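Trainee: Protein chains in written order, with our numbering: chain W, 1 to 289; chain D, 1 to 190; chain A, 1 to 195; chain G, 1 to 190; chain S, 1 to 443; chain U, 1 to 334.
Bear in mind the hints are in silico, worked out from the structure with no lab data behind them.
In this text the structure is predicted, and so the values were computed from the model without any measurement.
Please note: incorrect hints may appear among the correct ones.
Stated by the list, open to error - Derived lysine-lysine pairs resembling DSS-like cross-links, with alpha carbons at most 25 Å apart:
(1) S:K363 to U:K21
(2) W:K124 to D:K164
(3) W:K124 to S:K50
(4) S:K393 to U:K322
As a plain string of letters, each chain reads:
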Amino acid sequence: MSSVVLYTVLMLSALGVISAVVLYFVAQKFKVYEDPRIDEVEAILPGANCGGCGYPGCRGFAEAFVKADDISTLFCPVGGNETMGNAAKVLGKEAAAVDPMVAVVRCAGTPEHRAKTNAYDGAKSCRVASSLYSGDTGCQFGCLGLGDCVDVCNFDAIYIDEVTGLPVVDQDKCTACGACVKACPKFIIELRKKGPKGKRIFVSCVNKDKGGVAKRSCSVACIGCGKCVKTCPHDAITLENNLAYIDFNKCKLCRKCVEVCPTTAIWEVHFPARKPKVEDETAQPVSEN
Amino acid sequence: MEYIIIVISAIFVNNIVLSQFLGVCPFLGVSNKVQTSMGMAGAVTFVMTIATIVTYMLQNFILVPLGIGYMQTVAFILVIAALVQMVEIILKKVSPSLYQALGIFLPLITTNCAVLGVALLAVQKDLPLMQSVVFAIANAIGFGFALVTFAGIREALDLVDIPKPMRGAPIALLTAGILALAFMGFAGIV
Amino acid sequence: MSQLSNFTKGFLRENPVFVLLLGMCPTLGTTTSAINGMGMGLATTFVLAMSNVVISLIAGLIPAKVRIPSFIVVIAAFVTVIDLAMAGFLPALHSQLGLFIPLIVVNCIVLGRAEAFASKNGVLPSLIDGLGMGLGFTFALTLLGATRELLGSGAIFGFKFISGDGILVFVLAPGAFFALGFLILIMNKLAKKQS
Amino acid sequence: MAKESTFSNMTLTLLVITLLSSAVLGFVYELTKEPIRKAQEAKINTAISNVLPEFDNQPSAEATEVQYDGGTLVFYNATKGGEKVGTAVKTFSNNGFGGLIELMVGFNADGTIHGIDVVSHKETPGLGDKMETSKSGFSVQFQGVNPEDFKIRVKKDGGDVDAITASTISSRAYCDAVQRAYNALKEGGK
Amino acid sequence: MLKTFSIGGVHPPENKISAGSQIVVLPLPKQVSIPIAQHIGAPANAVVTKGDKVKVGQLIAQSNGFVSANIHSSVSGTVASIDPVMDSTGYKRPAITITVEGDEWDETIDRSTDLKEECNLTAEEIIAKVGQAGIVGMGGATFPSQVKLSVPKGKKAEVLIINGVECEPYLTSDHRVMLEKGHELMIGIQILKKALRVDTALIGIENNKPDAISHLSQVATKYSGIEVHALKVQYPQGGEKQLIKALINREVPSGALPIEVGAVVHNVGTAVAVYEAVQKSKPLFERVVTVTGKHLATPSNFLVRIGTPISEVIAAAGGVPENTGKIVNGGPMMGKALSSIDSPVTKGTSGLIAFPAEEAKRKVAQACVRCGKCVSVCPMGLEPYLLNRLSQKKMFERMEHEHVLDCIECGSCSFECPANLPLLDYIRLGKAEVGKIVRARKA
Amino acid sequence: MNKLLAVSPSPHVHSGESVNKLMFNVVLALLPALAVSIYYFGLGAFVVTAIAVVSCLAFEFLIQKYLLKVTPSISDGSALVTGLLLAFNLPSNLPWWIIVIGALVAIGIGKMSFGGLGNNPFNPALVGRVFLLISFPVQMTSWPLPIESRAHYMDALTGATPLALVKEGLKGGQTMSAISEHIPNNMQLLMGSMGGSLGEIAAIALLIGFAWLLFKKVITWHIPVSIFVTIFAFTGILWLIDPAHNADPFFHLLTGGVMLGAIFMATDYVTSPMNPKGMWIFGIGIGALTVIIRVWGAYPEGVSFAILIMNAFVPLINTLVKPKRFGEEVKKNG
Ligand SMILES: Cc1cc2nc3c(=O)[nH]c(=O)nc-3n(C[C@H](O)[C@H](O)[C@H](O)COP(=O)(O)O)c2cc1C
Ligand SMILES: Cc1cc2nc3c(=O)[nH]c(=O)nc-3n(C[C@H](O)[C@H](O)[C@H](O)COP(=O)(O)O)c2cc1C
Ligand SMILES: Cc1cc2nc3c(=O)[nH]c(=O)nc-3n(C[C@H](O)[C@H](O)[C@H](O)COP(=O)(O)O)c2cc1C
Ligand SMILES: Cc1cc2nc3c(=O)[nH]c(=O)nc-3n(C[C@H](O)[C@H](O)[C@H](O)CO)c2cc1C
Ligand code: SF4
Ligand code: SF4
Ligand code: SF4
Ligand code: SF4
Ligand code: FES
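Okay, chain W solo, but in the shape it has when bound (with noise of 0.2 Å):
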């Protein structure tokens, strides 16, 4: 053995015990212990950074995630069940199962229902539009079919129909990350549950307007003339300020209530065609797959 070998090795191996020494006394003298399933809980998530769970990002999620004692109150609507399973097995528990939800647009207010009484030329943003005035039509309460709600969303799922003005949800591709629903500055998006088969039932109006002005406004608008509410067997229907809401914990999807609403306010989706009625299909174009 020459002794460049035997320099190498000496050389080497002291550096390399140098090192560990070294090591060791600065890793004791600055320990910061960081919970490594942090890591491993972001790994899983599925790094949307929407926001749509209501932290900052997936990793402030995942933080939060972590720490939480009752992780049932968190979770992310991206990923859906399979990642908050996945999630909740890096803590060793188990993760509630949450209804799918989906942004429902409530407005149907197309030219042909809600003629136009002026013509925005303002900035293309349904934001600046609605901080000048109520809007390009009779109804203040109505979309503004600027697409605020389109530009936030993270994953094509929604769009402005060009016939109807109106914007439509994908069901298919939304997540319900409410990232659209924030963006509406008329309040008119709502998650609801996306029901079974995507079946679902409600008032496609936000208007609360008395019941003469509604209908003066938009032929298809809610004139809160509390049929609905009469008629629901289940309770599901309140009636406040005027207008209509089904609540989809309680709506037990029977379709009675749509039969009686005297201005098609209520809307179903995904429900078989009915055989007598057909004009109400025309009238709603939500009905994306």
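Use these hints to put chains D, A, G, S and U with the ligands onto chain W, whose structure you have.
Mentor: Same frame as chain W, but now just chains D, A, G, S and U with the ligands:
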């Protein structure tokens, strides 16, 4: 004069990133925000300077006398790795915010070619100790300078709508390319 | 994951250069010609595969605090091996690649794969992963080298296609960035089409 | 995954790893020492044989080094059948675009240039690197000329050498190196 | 050199086509709708109910808080309803609708036209009277005037600044008031000075109203401590911060009120209203409104009862021409476009401008070329191009950092931008958003 | 009134200024220089300009239409300006295909990759120019000599620019007085009688353009003047120290595209700072870098590089150097 030439050459003419291609990963990776890029520049300067001093000692007092110059790579990197890890551990404790900001790139300073590259270059050029130190600092400044400038541009690009397919790596590389193009103007100064 | 996909992922889906943006320095610094790129790529592949194997063997025995130093010593050893071997047997290429050979040791891919894959997997998958990633890297470097050589001097692997000079920037630093930028753009498009 | 870090296992692990690695490396080094030396020698020898007429001795074995102009020139004498056929001079210039340029200039016994080969340079690819014999015919113009009556200066400076287009600086440096070799040869009287 | 402010500013074509038209009293409308929210601050509380009979000048809605204002009936008649009515903000908001029957004024009001010079009231009494009369800033901001007169503890007013700038193109109501009510204005100023306990009042008037400057200068000689200053024509000189800078060369710090530098600013119309309230016990129920537009038959200045439908005011000026594309309530730079011309005139309605269709539409926006023109015209030294992008990208924290809250929404940036970008649209949005964040932080 | 009323936020009036008008004025301001160029370089100047302009417009159109899939906006005139300025930075005998490559780089890499007008951090024409200069050093540095009323595109008669002559001369050990015999005097330089890129030669014509831009309020004076002042001061000091080995400051101002660069290229809105303070920093940086590159660097002329390098700093300048805010100086008793 020696020193001035070393400094100008390292910062402008032979900029470590833009013309030597060392430390490109962090250059592309930690340049999203001016703030973080400054932190990274600081960290690199620190590590690079210390690393160059230590490797200088190692080379001239151990490897050369023992006639085992070929062990450069192994010995240098081991020292640098240990050094960086030390910095990392300390930083985590002392300034968690900076640690957060630098994220995965702190451990990656180890695998930042720039640090090892500069140490190797200093030895290869046979610079005396003081000049090695100046060389290391100048290169670190050159790195930081390119990094911060680049981060400035990228921050500005955040506010405009880059065509979809260009977003991310392609536009960063193109920008770096134009920057390198501009820096070629310094050719021949030293 | 099947061994095959483990092997092929490095080419497109997880290509270290085009997708992961790792190992940028040799990628940009050595690809003035196709042959240099390929040489660099193969040298890296050797180190990657060998160190993956060794690390997959020893990973379980290493305490966390000295993980990186330990891995890096292993890697550095293989780098020195290839460095010495090339100096001895391929002196021309060795002098062309210069500083970038010892710098393989800090190539993010090598340590990255060691950390991310080899330390968690068995020997065979690690070997395959190393080879796959390495060849993916080689593929990228060769492609980039060929592109730059073609544009910069009208040749590929030294065979002239166009007489006279090419567009000189492409053999210089800025051209490296430009060429890689557009290659990544094209690769992204291809990957998108595939999926 | 990884084990807990304790003082002893950290030290021990690193010790074992470094021990093994260094042993392996030492071994590999011993193995490659010879080929590396041969390769380096071969490079010089090829250069020498490229620039001189046929010889049958081992010029590299009988090299003489001369300090000249702040650098080192190396003289290699070539003989054939005991007869001196020429001298190869490894010369340099620091004025290249990228700094140092090393040439091997082969002089016939009568002092005319037989051939020139580039040993090393850092000129720009596509510009200055055309001085390499394989890249352009630049060096051909020197073959067979006698520096006594062929002014080794670029035409711009009033000499007889056609510069490489757009690379006057490299061409000048090249001439500078050749001239230096010739001057040294004359003075050294070899 | 005439005085003016130091940073930025633009000079849009003045188009003061109604400057020569004397103030004409508009005939009584058949019905008025008087919104209960016409001012900055809390809406007033209606104190009448459907079917009540009211007289001109009778209190019909009570101020509701410190920053709020009384509202008086502008006509006599019967309350027809208290329902939401589309007002000039573009929203339906509660308004008291009154069917006009005759023109019976409240007895306390002195309807004579003779000047009443003396005022023996104390400062507190004056402020109280101003408050009772429901006076709000007539310069457009409609901020309750008695609040501005109540100088907070620890601060001291040093100078009263009277805003006769009327820097907005087209508008001439202040101009006419200065010409026709010069004496009332001066007495009003003396009263305001008394209320504020200051010795000097400076009237700032832009140099495009030479007749008003010479008239007021002459009238002012009769009163002590009132100076009239001619100012270089430069929008937005009427903004109080700019006016203070121009007249006394002091800069109101970011986020602070004029009182910080010892100034209080009131509009000329406000001063006249103060005169009428204090000396004649006449609450604020009518105001001068400019009705103008290049293609209007008779651009005019009317004295209009609050609540009169805008359509009737325009009808009096010759009606809305066929090719009208937009009607703006206020000046062209800061006014609000009307979505319905049936909305009522309010205390803040200084002018109504009808734009022909070809001038009404905005031009197509191009890409921002970063020419920096918006930066150079911004009177607050902001960077509109940047604020615009930040707002679009929802980077509100940085917007706050870039002083978006200083923006006075003057519109100079949008006016000047060669790329026709709707800069102020987005800046305003961002400003509102940042305001929310800041308030939430304080809470 | 039967149409719906338009409703939009304020302001409701606009200055009437537009991007097209601004660009058109830049084109107008460039015409005198083009005329001089055609006078001295003849057909070549015209051909090069035409090729550059047409290919810039064509690339912009094609990229917008087929790659970005947006409505082409070539009518805004910015590509026209880029084309003209690119041409102005080229020798008048450049082969057509090199010009086309330059246009592709300028528009494709320099501008469209970043999203088009207003988004590019670097001056597109200069990106194209420098790309060519480095890629085709031979073609890019053989300049036709100025000959009145010439009618060829490709011409054998080439020579160096005055700056290159000075640089060569100084490198070759000559003194200024010896060199000055071979270079045009300052009066000739002012009128444009020298070898060089086709748009950089006539200082007087460029200054006329400057006056027009100032008159039309297209640009402000800050950037050009700060560049002139810096170059003049810097080279002036060098000249005073050693007049034998440094050209006089007027020579530096009048040659090598200082005028063209300072007036037309450094002022490009998109790639220059947004307020006067920033503009001064930018201008001083360009001036200093130009002199450094000219005096110590490999290139005889440095304006293009200097502008590109300073372009890189513009974002930092814009974030660090803010306009004077209202209320910043609190004067209690003014
Ligand atoms: C990046 C760059 C690399 C260059 N490389 C060389 C080179 O290797 N050799 C050389 O002589 N000139 C090189 N030059 C060009 C010189 O700076 C100079 O322009 C040229 O030598 C003088 O031109 P001429 O040869 O036509 O007189 C380079 C220039 C730049 C900008
Ligand atoms: C929330 C708020 C509080 C104000 N408080 C006072 C005050 O205490 N004293 C005062 O003199 N003015 C006060 N002002 C009035 C402003 O100084 C200013 O006159 C008013 O907002 C209208 O000005 P403008 O038309 O320039 O916007 C206040 C304004 C606002 C919006
Ligand atoms: C951009 C801008 C322009 C203004 N122009 C005028 C004006 O021309 N005349 C005026 O009286 N007030 C103008 N104002 C309102 C003044 O800032 C301030 O609110 C008013 O003079 C205060 O008096 P007041 O409360 O009596 O209305 C303007 C405000 C802004 C923000
Ligand atoms: C004053 C002025 C100067 C300009 N200078 C240039 C220039 O130097 N190079 C260029 O490509 N475009 C120039 N343009 C056009 C345009 O701004 C440029 O193409 C943008 O950089 C493209 O985004 C100029 C425009 C103006 C108004
Ligand atoms: S739903 Fe809301 S956000 Fe979406 S277009 Fe309608 S108003 Fe705008
Ligand atoms: S439609 Fe709305 S809720 Fe659904 S994914 Fe898009 S933004 Fe989220
Ligand atoms: S004025 Fe318009 S185009 Fe110019 S910088 Fe401002 S926003 Fe951009
Ligand atoms: S609107 Fe605001 S940002 Fe625009 S110029 Fe006026 S103060 Fe400046
Ligand atoms: S390869 Fe150099 S830093 Fe990653």
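Trainee: Please list, smallest to largest, the hint numbers that this structure does not respect.
Mentor: 3
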